[in-house]
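Engineer: Sequence:
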Amino acid sequence: MTTASDPRPRRTFAVISHPDAGKSTLTEALALHAHVISEAGAVHGKAGRRGTVSDWMEMERARGISITSAALQFDYRDHVVNLVDTPGHSDFSEDTYRVLSAVDSAVMLVDAAKGLEPQTLKLFQVCAHRGIPVITVINKWDRPGLDALELMDEIEKEIGLKPTPLTWPVGQSGDFHGVLDRRSGQFIHFTRTAGGATRAPEKVVTPDEAEAVAGDAWAAALEGHELLEMDGGDHDQEQFLAGRTTPVLFASALQNFGVAQLLEILLELAPAPSATPAVDGSLRAVDDEFSAFVFKVQSGMDAAHRDRLAYARVCSGVFQRGMVVQHGETGKPFATKYAQAVFGRERTVVETALPGDIVGLVNASALRVGDTIYEGRAVQYPPIASFAPEHFMSARAADTGRYKQFRRGIEQMDQEGVVQVLRSDLRGDQSPVLAAVGPMQFEVVTARMESEFKAAIKLDRLDFQLAMLTDLEGSQVLNGVRGVEVMRRSDGAWLALFPDKWRAHTAARDNPDIFLEALPASGG
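Residue numbers for the sequence shown follow my numbering, beginning at 1214 and rising by one.
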């Protein structure tokens, strides 16, 4: 249990990946190694393994994917580790982008057979924009895949980071014996367990004994290690923190191979919480008075209670349950009587929390994504960016007699950031446009509108694929361009919607004096 005088250092990170790279499986494996759970579960529940405990929404369980985010805190070797879990499906990824505002580092999970995939690249762009150092894990090395050196070349070419492997695989992909620890020179030999449900036994083998254990695979690993040395592929902490290099580990989350090494590296290399910049350019030191910002709002997690949970990252000072803080946006006091830690369906009461910790504030109807709360000296943290939507639907109430419930539900979805809500005089308030990073967000909205607000909705797809920021003057020009529509987002931003990136480029070329700017993580 965290206490106000808790001296243990924090590590707060997220795992980012393309769908099916093994993010939820890795989350379970980390929890298993930290003794948070006694038996790991795989997302698809194969070979008798349980369904992943971090996934709680029925849609998640049915499809074997992560849609919502959760936060897992655990103790490991005199540290407190906060793993901010993120939606792993490409069709529900804006929440993943937002979560990256609440972490100090990221673990980029790469499928050994597929290499860097589109969603991974978009998420890396957000990390790079925010200056978040990235540790790379090549996952699924127990299955046939690409060559290890080929993967290193791809990382350097695609994202511009120099890979500096800390471990190197002994055995090609599909024949995973263990890893060569490049810093100690030792061979860490892995042994499979039934279904990968328990922690895999590891044996540290000296270099002199390794050849007898692994044969040619050890010789090949040594050769790879020497090639990396000659190419400048050794870890440099300063370069890592500056975002120029990425330490690399090889693993199989499903078999629990390499997971212990990842935990050790997180404690050793990942940055601790540090001073947070405010809107006015000042820095709020970690030992200053309490402050935090909200990076996610979620409702409907408990079917028995119409609760609303705001996830807040503690930036400075000490949070104590029951304290009364100031809400930065309204200046009004906010009572924190109910505070919880949430992982999957499991909830525990949070009494205290320190910088880097994640707190779930219950029934926080006044809090929105990006809001600041603080004690003492006022502080305002920068708002969290809204990311580039790629799918657009006009929405209307299926039953006009339920319009009030429809309007309230749409407002709730907007406040939680499930979708971006766009409006225009042309379409009117009764037919807002819902904008999403991926189409599954519309399925979530449809299901929740019916179950929580008893307001079934009808959606009609719009032929737009790209949104760009503009202003009032730009809107007046662009609304006259064929195939283009300009709408206002609920935060007041003007968004120009285009059927494709070529139409956007043409509009920008033909109207060089208007303001047009790409949104974060835009494919345009």
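The set of hints was computed from the structure by calculation and includes no laboratory data.
None of the values given here were measured: they were computed from a predicted structure.
Yeah, the Cβ is synthetic: ideal placement off N, Cα and C, and Gly gets one too.
Possibly wrong hints are sitting among the right ones.
Just the calculated beta-carbon pair ranges, DEER-fashion [stated by the list, open to error]: (1) Asp1449 x Ser1487: 30 to 36 Å; (2) Gly1445 x Glu1564: 43 to 49 Å; (3) Glu1451 x Arg1356: 33 to 39 Å; (4) Gly1589 x Glu1564: 40 to 46 Å; (5) Asn1724 x Ala1611: 37 to 43 Å; (6) Thr1719 x Ala1341: 46 to 52 Å; (7) Gln1452 x Lys1327: 25 to 31 Å; (8) Gly1589 x Ala1326: 51 to 57 Å; (9) Gly1387 x Glu1564: 46 to 52 Å; (10) Arg1620 x Glu1369: 38 to 44 Å.
Here are the simulated lysine-lysine pairs, PhoX-like style, with alpha carbons at most 20 Å apart [to be verified]: (11) Lys1370 x Lys1327; (12) Lys1550 x Lys1617; (13) Lys1667 x Lys1617.
Engineer: Could you run down the list of hints and mark each one as holding or not?
Structural biologist: Verification of the hints:
For the hinted restraint 30 to 36 Å between aspartate 1449 and serine 1487, the CB-CB distance of approximately 20 Å leaves it violated. Hint check: glycine 1445 to glutamate 1564, Cβ distance near 48 Å, so the stated range 43 to 49 Å holds. Separated by about 35 Å at the C-beta atoms, glutamate 1451 and arginine 1356 satisfy the suggested range of 33 to 39 Å. With their beta carbons about 20 Å apart, glycine 1589 and glutamate 1564 fall outside the hinted range of 40 to 46 Å.
Taken as a hint, the range 37 to 43 Å holds for the pair asparagine 1724 and alanine 1611, whose Cβ atoms sit roughly 39 Å apart. A beta carbon spacing of about 29 Å between threonine 1719 and alanine 1341 contradicts the range 46 to 52 Å that was offered as a hint. The beta-carbon spacing between glutamine 1452 and lysine 1327, approximately 27 Å, falls within the hinted interval of 25 to 31 Å. A beta carbon spacing of about 52 Å between glycine 1589 and alanine 1326 agrees with the range 51 to 57 Å that was offered as a hint.
One distance hint, 46 to 52 Å for the beta-carbon pair glycine 1387 and glutamate 1564, holds here, with the actual separation near 48 Å. A beta carbon spacing of about 50 Å between arginine 1620 and glutamate 1369 contradicts the range 38 to 44 Å that was offered as a hint. Annotation: proposed proximity of lysine 1370 to lysine 1327 holds, straight-line Cα distance about 15 Å (limit 20 Å). Using a Cα cut-off of 20 Å, the hinted pair lysine 1550 and lysine 1617 is violated, with the two alpha carbons roughly 31 Å apart.
With a C-alpha separation of about 11 Å, the suggested pair lysine 1667 and lysine 1617 falls inside the 20 Å cut-off, and the hint holds.
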